[in-house]
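**Q** Letter by letter, the chains look like this.
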Amino acid sequence: MRRVFLAITGLAASTTALVVFKGSPAATQVAQNLPTAQPVNPTPQEVEPSADPNAPGTDPADGEPTPSKSADSPVSPKPGKTTARPSTTKTTKAPSAPRTTKAPQPTTRRVTGNGFDNEYGYVQVQIVVSGNRIVEAVALSLPSGGESDIHSGDVRDRYDGSGGEVVQKQNANLNTVSGATETSNSYKQSLRSAIEQAI
Amino acid sequence: MTYPHTHATGRRTGTSSRHGGRSAAPVPPQVPARRGPGGRRLLGVLLLVGLLAAVLPWWLGTPAGSLRSTAATVTAAGRITGLVAGYLLLVQVLMMSRLPVLERWIGGEQTARWHRDIGATLLVTVLAHMSLILVGYADLRNQSVLAEVGTLLGDYEDMVSAFVATGVMMLVGFSSIRAIRRALPYELWHLLHLSSYLILLLGFGHQFTHGAQLYKPGPVRTGWIALYLLVVAALLWGRVIAPLAFNLRYRLRVADVVAESTDTISIYLTGERLGRLAMLGGQHFRWRFLTRGCWWQSHPFSVSAAANGRWLRVTVKVVGTHTADLRDLDPGTRVWAEGPSGTFTAAHRLRERALLIAGGSGITPIRAMLEELPPGAALIYRARTPADVLLSRELDWLAQERDTSVWYVIGSRDDPGPRQLMSPDGLRQLVPDVARRDVYLCGPPGLVEQSVRALRRAGVPRRQIHLATFEL
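Line by line, the protein sequences give chains A and B.
Letter by letter, the first sequence follows residues 1 to 199 in UniProt numbering.
Letter by letter, the second sequence follows residues 1 to 472 in UniProt numbering.
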């Protein structure tokens, strides 16, 4: 019995450790990061002052983009048909003033595009803009279930992230992913709306 | 009793008895080579590495700093526990596959103990996985956990079976709690436990349709499926192919049934090619006697004589209906055996000398082992009455042949004599170097517990104490 307790405690401890390690570049920043983390939260539009703990050190220098591809985690509880959808109606244009004031470092902003339905599900894209550049794209929602999982995975692999097609092209004229035409189109629509908001 | 004679003529190694009479200085008889704990350690390391490898895809696939909301963090913890649970389930099934390699490396007793510990851990991990994912997903979708259960069951493929698998697992785990298990009839418990294969089947789907690390075709998914196939192959090998090969090869049959005492019988078995049977004294087989009324039951019995190339023997105390039926076995009855297994053997000793403690019919594996232990062993044989002493003539003969001291300790547990002797001081008086010996224990649970306590207090390290246990 003692071994069972040891094993369970060990597993719990190491799971916590893993999550904490991955949670943020430095564990102490977790608390600060929390408010900006909710993907469906309308606030991301607001300019995040470059006090963003990630920005100064890691951002442009290491080539490791700040808010990183959080694609995987927040998205995958794939919203089913019955699910309450993240609303995008509240999104407003980001104020452009701070961009000019913060001189030395480009500001980093997260902009969420409008959500689009297609026959397979719901698609919504968020981009991270640093200065005038898209440094990252994240699909907050993609169709899920059965085969859709695979196609959504393909779409995500192609477009998302800091090295995906969105970042390479810097616009919404992406190549359609074969087998996932509908989802690709919705992705582009949502991306387009995000880019419009970001300008 | 012709046993000593037949044994001497069938002897594999040179003792002087073949040439008539015992010489003054007997040639040291053959002792099996020691099997160290290397195999067990290797397996332990392999399993740990496997555990790390199971979580690795999550580590690589999750960018640093991405878990910035509580929901994402909880979901991530749910994924980790999910991967761990999936892996532990496979280890769990592997432990019970009776793969010959495993039986040889860690032995049936140890695998059973691992199986129990991993089982409890697995159940907790699965429940953690389920709750974490539910809480995480519910938080992301801004709904209650109960509503989330509804969403998962309704809209997600394979989730119904995953929930059923969890239910079955809880049932199996619950029925294996020792107190509850004792209250259940064995057959019911066994049936419940067999349903755990359902868990493997029902839990399979959701890992691949929804597992964040597994849904995508790629090396991780392929590797995970390969792991499943390997475990199923091990199961087939250990449970079907190896026993089939064994029985086709040795074709065991009942040769004779002999009464050893009023309530104990010995069953002698013959077969083909027994000279090539690699079996050590102290090991056991699971026996299935193919007669009407007996064929569907399989019971583990130790062999009560070391391998001699000509026959096998099990000595069984008649305690239930099944063992009572065994008295009426006809010579020639076919026998289906699975084994040999167990690490209760001379090969697993750590020291050169041994102390053996047997209680009642627990003498049978020890009797077989005596033939293979290095000379200088000591045997304490506890029995309630002189009539309960089994195989005493063979023991006396072995005591001479193998330079073994034998003490018969007769009386009830509460009699002053046995009580004094089974105390730390009593043991030290009888066997002054007891702390430097391997101790082999086989007997009723009460005796075993009491002896282990006394031995530990007499300074015997835990790893030098070997227990013969078939049950968990």
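Fair warning: there could be bad hints in the mix.
[Claimed, not checked] Now the stretches of chain A that chain B is said to cover, found in silico as 3 or more residues with beta-carbon under 8 Å:
no., segment
1, 12-22
2, 147-153
[To be verified] Quick list of the computed label-pair ranges, beta carbon to beta carbon:
no., chain 1, residue 1, chain 2, residue 2, range
3, A, R3, B, Y197, 35 to 45 Å
4, A, G10, B, E272, 44 to 54 Å
5, B, E272, A, I8, 44 to 54 Å
[Stated by the list, open to error] Derived DMTMM-like pairs: lysine to aspartate or glutamate, alpha-carbon spacing no greater than 25 Å straight-line:
no., chain 1, residue 1, chain 2, residue 2
6, B, K216, A, D157
7, B, K216, B, D263
8, B, K317, B, E187
9, A, K169, A, D154
10, B, K216, A, E196
11, A, K169, A, E196
12, B, K216, A, D154
13, A, K169, A, E182
14, B, K317, B, D328
15, B, K317, B, D256
16, B, K216, A, E147
17, B, K317, B, D263
18, B, K216, B, E260
19, B, K317, A, D157
20, B, K317, B, D433
21, B, K216, A, E165
22, B, K317, B, D388
23, B, K216, A, E119
24, B, K317, B, D403
25, B, K317, B, E372
26, B, K317, B, E157
Just so you know, these hints were derived from the structure itself, not from any lab.
Every residue gets a Cβ at the ideal spot worked out from N, C-alpha and C, and that includes glycine.
**Q** Look at each hint and say if it fits the structure.
**A** Hints versus structure:
no.	hint	in the structure
1	12-22	holds (count 7)
2	147-153	holds (count 3)
3	R3/A <-> Y197/B: 35 to 45 Å	violated, 25 Å
4	G10/A <-> E272/B: 44 to 54 Å	holds, 50 Å
5	E272/B <-> I8/A: 44 to 54 Å	holds, 49 Å
6	K216/B <-> D157/A	holds, 10 Å
7	K216/B <-> D263/B	violated, 63 Å
8	K317/B <-> E187/B	holds, 21 Å
9	K169/A <-> D154/A	holds, 18 Å
10	K216/B <-> E196/A	violated, 32 Å
11	K169/A <-> E196/A	holds, 15 Å
12	K216/B <-> D154/A	holds, 8 Å
13	K169/A <-> E182/A	holds, 20 Å
14	K317/B <-> D328/B	holds, 14 Å
15	K317/B <-> D256/B	holds, 16 Å
16	K216/B <-> E147/A	holds, 10 Å
17	K317/B <-> D263/B	holds, 6 Å
18	K216/B <-> E260/B	violated, 65 Å
19	K317/B <-> D157/A	violated, 67 Å
20	K317/B <-> D433/B	violated, 33 Å
21	K216/B <-> E165/A	holds, 19 Å
22	K317/B <-> D388/B	holds, 10 Å
23	K216/B <-> E119/A	holds, 22 Å
24	K317/B <-> D403/B	violated, 28 Å
25	K317/B <-> E372/B	holds, 24 Å
26	K317/B <-> E157/B	violated, 53 Å
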